[in-house]
Structure formats: structure tokens, C-alpha cells
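Visitor: Sequence:
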Amino acid sequence: MTRLLIIEDNPELVANLYAFFEPLGYVLDDARDGATGLRLATQHDYDAILLDLMLPRLDGMTLCHKLREEFQNPVPILMLTARDPVDDRVQGLALGADDYLVKPFSLRELDARIQALVRRAQGRHVQGTLAWEDLKVDTRAPQAWRQGQAINLTPSTHKLLLCLVRAAPAVVRKQEMEYLLWGDHPPESGALRTHIHELRQHTDKNFASPLIETVHGVGWRMQRPAKAPAQ
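In numbering that gives the first Met the number 0, the protein residues as written are 0 to 230.
No lab work stands behind these hints: they were computed from the structure. Among the hints, a few may not be true.
What the hints assert, rightly or not - Straight-line distance between alpha carbons at most 25 Å, and here's what the computed SDA-like set of lysine to any residue pairs gives: (1) K135 <-> A149; (2) K173 <-> H194; (3) K65 <-> D44; (4) K173 <-> E68; (5) K65 <-> V214; (6) K102 <-> T1; (7) K102 <-> L39.
Please model the entire structure based on the sequences and the hints provided.
Guide: As C-alpha cells, this is what we get:
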């Protein structure tokens, strides 16, 4: 079962994509503007994203760049566009898109390209897990393991941990985490720290070395466990 996010503002094309892909067993979500698409892409786990280049509120190039650079999200992205200049294709691929298809296109070809991207991505993330040091995180279910011990997470702490591991060892800014959980309307400032504290209770409390480090005034990052001194 392939979970696909369609970020496209043409309602007729979106309807055609639903009519073609749902009978094939795809699970579909869609957004009609770039800002909504970015929120869905960062709050849920998809096998692939179909991304239109020309979108209201946030264009496809900027959305792709934000997903890759700010959120360190490796989800396969196939860009859709009505334009065919070589420069556009080169720029889209340089910003992190995995493939490029010019409208109008064959739905059968689109299906084949999506499946190829999904297979390639599955080869990079064996059995749907991401790892950092002695920690492994399930990319689909809110569960992780450290030193072989199972860790049950909430949906929110799971999203935060995936974001941190994908970005490691880089810092994830506080604003990025707030957007990940609440989009453009974050609650009062203490809410995020409560989620981080809860996450640390699961991943760090019962282990010799903490993995989550606070970078004061900026955000958080994954650090490497301190090594025991030689005897």
C-alpha cells in the first residue's frame, strides 16, 4: 500500500489522479496550495509526493527546498509542471526533487515512476527504520528502540524524534519543530518544551548517555553518546 501526497491546485487533475490511483490501492492525500502541502508533508509520513511547480502561497521549488534543507525530509518527490525548460528541470533536481514529469503525461508512466522512486527509497531505509548511534526509529509507527529496548512514543514525540534523527547531527530549530506539530498556529511557548521533555523521558532517562542535546536559544539536535574512559 503506497501512501501518496498530491500537492496540485488543478482540481480536474487531482480528480483524475484519485480516479486512477485509488483503484490501484494507493492511499491519497491532497493539498491545493504550497503552504498546506508543506504542513501535510511535515506532519505525516508518505511514500512519495507529487509536487506541482506553480502553486499559490508557496511555489513548488521553495517547498522542495524547505523539505530537504529545513526539515531534512528524504521523502521521494516527483515534480509536475506545465513548463519544460531545461533550467527548470535542473533547478528542481538540484533542490532535491527525485524525478520530473511534464504535463500532459501518461498516468501509467506516472505510476511506474512513483513505484520506482518508492523502491529506491525502501532500499535506503531498510525495513522502514532510521538510525542514529544505538537508537532506531520506526518511520511508520510511533515506536523506537535503543540498545534493543522498545520505546513507545506518542504521535507528537514520534514526529519530533524522526525530525531530529533525519537532521542529525545538525540542529533543528525551535520554529521548525513548532511548525512540524502545529503548522502556522503554534500554542504557547511551553508546549514544545513539554513534548521535548516527554521525548527525553523515553529516549534518554534510562540510559547512560543522553542523545538529545539542547542548543540554547536555537533548538535541539542529536548528539553522540559520551564514551567511557579507557581503563
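Visitor: If you test the structure against every hint from before, which numbers come out violated?
Guide: Failing hints: none at all.
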